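Chains as they are written, first to last, in the working numbering: chain U, 129 to 891; chain F, 15 to 390.
If you are wondering where the hints come from, they were derived from the structure by calculation, not from laboratory data. Honestly, I wouldn't trust all of these hints.
When the alpha-carbon atoms are kept at most 30 angstroms apart in a straight line, the in silico DSS-like pairs for lysine-lysine are as follows [unchecked claim]: (1) U:Lys697 / F:Lys271; (2) F:Lys330 / U:Lys686; (3) U:Lys769 / F:Lys139; (4) U:Lys769 / F:Lys389; (5) U:Lys691 / F:Lys42; (6) F:Lys147 / U:Lys697; (7) F:Lys54 / U:Lys700; (8) U:Lys769 / U:Lys791; (9) F:Lys389 / U:Lys676.
Note that the structure is a prediction, hence the values are computed from the model and not measured.
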Amino acid sequence: MNKQNDIKNRLQKELGKNIPDLQIVATLTDKLLDQKEDAVRFSVDAQIINRLGYELVGKQETALSELIKNAYDADATSVEINFESYNNPGGTLTIIDNGNGMNVDVIKQAWMRLSTPDKNENPISPLYYRSRAGKKGIGRFAVQRLGKKLVLRTEVDGEDVGYEVVFNWDKDFIAGEDLTNIWNIIRPYKKKTSSKGTTLSILDLRDKWTHATMERAWKSVLFLQPPFKISNTPQADTCRSSKDTKLDPGFQVVINGLSDQGRLNEFSIQKSFLDHAIATITGYIDEDGRAHFSLNSKTLSSEDAHTSEQRYLVVGPIHLEVWYFIYSRDAMPGTSTRQALEMGQKFGGVRLYRNGFRVLPYGERLDDWLLLAEDTGRRNLLVPANNFNFFGQVEINRDKNPFLEETSSREGLIENEAFEELRSFTRQCIEWAAKRVAAIRDRKTKGTQAGFVSVVRKPSEVVGELLGDIDEEGSYGGEGQDSTLGSGDIRNILKDVQASAKAYEDYQSAQYESMARYEEMLRILASLGLSIAVFGHEITGVSNSVNKELGLFSRELKSLDTKLQTRLKARKNDIEKAINRVFDLGNYISHLISYTGSRKLETVSVRGRMNDFFGQFNEYMDKLGILFETNVTPRELRTCKMHPSELDSVLFNFLTNSIKALKRANQKNPKVRIDAYKDSKFVTIRFEDNGIGVSDAYKDRIFDAFFTTTEEDFDDIAGPGTGLGLRIVSDIASSYGGDVKLVDPTKGYRCCFEFRILRDCGN
Amino acid sequence: MEFTGIYIDDQEQNYGEFLNVTGKDSVKFRLDIRPNEAGKLVESILKANTDIVALDYRLDDNQRSFPEATYRAGGPAQMLREEMLDRPDEDFPIILISTEENIRQLYRPDETAHNLFDAWYLKTKLPDETYTKKVGTQIVGLIKGYKTIGDVAGKAQKHLTLLNLSLDEWNELNPSALLISLRETSVTHVIARILLQNVIKRPGLLLRPIDAYARLSLAPENDNLDKAFKFLFDAGLGYEGAFSDGWPRLWRHRFEKWAHENIGDPFSSVPGNNRVDFFNTVARTEYKAARSKWSGRDDELFSFACASCQAPTELKHSVAAHDPLVPKYCERRRICFECVQTDAYLRKALLIEALLIDGEDENIAALVRSGDFPKE
């Protein structure tokens, strides 16, 4: 009681002074309150600041991020971060923003109050209506983490004075002192009425800022904000009617440090992050309802455009601009895919803006208005195309899109036909672009995509990439996958590894299966080849015997009378004519076999081979009434090293197909033309005829093994269709670095195959 | 004259009928001698006192009918040649009748086997009348050539008789290497081989018709080229020595002399089209001039027939063929650029005689193949 009285007396005495010392009054008041016997209360030791600063915030870059967030929440449009003498401890860091600043009340009620509920109570910033990032009210103590001393200077627009407060953390905020008993002087100073913002000068930096730290700081800043300047953006619908509302000009962070070498390092979020987008997508609906999509990818060195067949006649003109991100090391070299993914998950999505104002909830984290998350989740869409893979906006206009009406709750648009068109257009555009990117990157785009051969990565590569994505804390992220930071990481990693191993095993199995099928085809061909060789040999033997007998018959004829001789000669000529075509084939096969016996690879003169081929078949073609022409340019054109007989095989296959096609077409002026020419590093052979052509229905299948349309057809040389000819041609082309395709014929022809193989370049 | 021959085949003996020759000089082949044990077969042939023997290459293919025949043509041919070593006046030609494939088998593994045969003919082409006519002519030529050689055996100056050449002309030519090789032997079939291989079948002392046409720059596409040959032959340029009945030839030295006199001096400097113009004037013909297969021009200085395509070819657009054993009195074979660039000469190599580019000219050939040979 005596102590209580003593405190009261001292308090009264101080209050009785003309100018009482308010610090003494506060201290005595606290002491007096502590004398209350029927209740207790918490008190705060001054070292709580150290706890909230140095001990709570582990990393320098995290501390810096917290301070930048505060600037954003204060409606700043730019933050400049300047380091001085940062290569060693003791340097200075200055953070200058042009935000709303603080008056004395705000300093007292918000800055000087721990765990202030200010941002919880005012989650939207007053000027640009930003959704404030901070909530806990302790972020500013990051300044204590960074340096031993802080000079806070803050200015509010429209006031003549600014305020400066100096905090000497290590000297004043020491253990044993009550926090409330530590006073910091607010020093007003004159300023321009129009100036505003807050400057934090952090003196006597606790740590040096190495290059690696600066890099990490940069990355922290990089992912703090959406990657693109939100020029027309954030405005909650509820605020749109406010006359004071201003368009958010965006938020720019610049770290400008001078290194020991005097080099200036300047960073810009927009430049660095958006440069990592694999592509930019733009799209619009024109006045006629036609949708136009375009894609531009510097990473893939590709541009593409597309006009949708679908017409959008209700919704009206729309414009779309989206950055497309794929979170994998190969698609985003030079940055952390994990951090990029974090960024995507926080800020990704395709937002909707009407007359420059954000229309919620489209593009919010949990909003899937384009059904991207659903379709990628169900694997209806196999390309990376979740919401977090896209950053962008769709712009609509109240006048030009009158049927896009708002709901009464101000949460979204009425889902009418116009909205469906809006959704369809947006989805079609970005799906088209994502698939185009996938096609360029050789990824499967649809679950049912036929004939696709995936570039399956080796599990070791995937493991290597995952290891690269795992940071010191063990969290990770990967392309198109949700990253769950924390204890589930190892399981997720193992799942990724298992998936890649499974994919690789499946790929290998498919390869083995394909090889087995190919081997089967080769076995069939080999046995066919043996049969043909035997057939050729037998034909040759028969041909020789028949010719001998006919020759002897002719000699015998000379002893007969002229009339009989003439009759029998005519009969002999008919027999010769009938069998000679078969013998031609036998001779050709024998000729081929004599070449095929050699396995030596050699460059082949295209003209020489073509001359031989022409010589071999010209007479036969002439008998069929087919105009047969060849041309080789330049005359010295040679193939890469190959089996010469394979070129014969290619020409023979094309020729037999042409003969069949000409017969089917019942062409009155049948013709076949072969043009061979130099085409960059290739020998290109165009084989054209004016036969029946290739039906659209068969175009995708003609190079498949055993595909034929001519089982019932037969010709002495062309023979029945085995369905192997074009497949063999295709395989030969592939073996020598080329390809074969059906192309548009020149005028006067109806079918043209273009066969390419590497040419001999003298090396 | 009437000559007789023997054709031996283990299967289709009647192929021998194509070898029969009718006319002023006729040859009748016996077909009744069939394969047997080698010694007995040789004995039968010698006993028949034949003028020529034709052997099918595979005589061991019909073991069911001729189980003792376990040899190919080279076996009895070798035995017959040995029997005739010291019987020059009884020696006779031996020819091979077979398929291209079998002939290749004989010639490729054993480079000396072909020395046993004076000539080979493709069995499969015998039914072709044009071919048979050529074969018949050569058969007669071989028989008469052997007779000529047999007649001069052991005589002095036999080389002049064999070649039907005056001493002055021989001295003018002075093919000493030929003289030495002819003097070294008195075996008829060896002399026949020397003459056939080095005088008759390759240009040098003599010119084949295609060599003469090439020098005259006559386009191969011309009809009745043999008329040109006959004109030259009748002009006194013809060879009338051993084997001339089977292989019409011109003396090269006589041709060159004639060409200098009638076409231009020096003849080799006269452009091809001009040569043809002069020839047409002299011979009263209307031949067209050859065009270079490389340059396409008809005013090139054509000087030989390409060893691959046989077309008139100019020296500057050709490379030397690999021809290491060529005697000095023979011309070295050359291959035209066109055949080099299109690899046609390699496909020629699939036939009986391989044709390769001489190593010294391989760098030129490489330029031609790649299209880098300098354009004119």
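Against the structure, the hints:
Of the pairs offered as hints, the one joining U:Lys697 and F:Lys271 is violated, with about 48 angstroms between alpha carbons and a cut-off of 30 angstroms exceeded. This hinted pair does not check out: F:Lys330 and U:Lys686 have alpha carbons roughly 50 angstroms apart, beyond 30 angstroms. Distance restraint check for U:Lys769 and F:Lys139: the Cα-Cα separation of roughly 35 angstroms exceeds the 30 angstroms cut-off, and the hinted pair is therefore not satisfied. In summary, the hint linking U:Lys769 to F:Lys389 is supported, as the alpha carbons are separated by about 26 angstroms, within the 30 angstroms threshold.
This hinted pair checks out: U:Lys691 and F:Lys42 have alpha carbons roughly 28 angstroms apart, not beyond 30 angstroms. Straight-line distance between C-alpha atoms of F:Lys147 and U:Lys697 comes to about 19 angstroms, which keeps the hinted pair within the 30 angstroms bound. For the given pair, F:Lys54 sits about 40 angstroms from U:Lys700 by alpha-carbon distance, which is inconsistent with the 30 angstroms threshold. For the hint linking U:Lys769 to U:Lys791, the alpha-carbon distance of about 35 angstroms lies beyond 30 angstroms, and the restraint is violated.
Of the supplied pair hints, the one linking F:Lys389 and U:Lys676 is violated, its CA atoms being roughly 50 angstroms apart against a limit of 30 angstroms.
Consistency note: the structure conflicts with the earlier hints numbered 1, 2, 3, 7, 8, 9.
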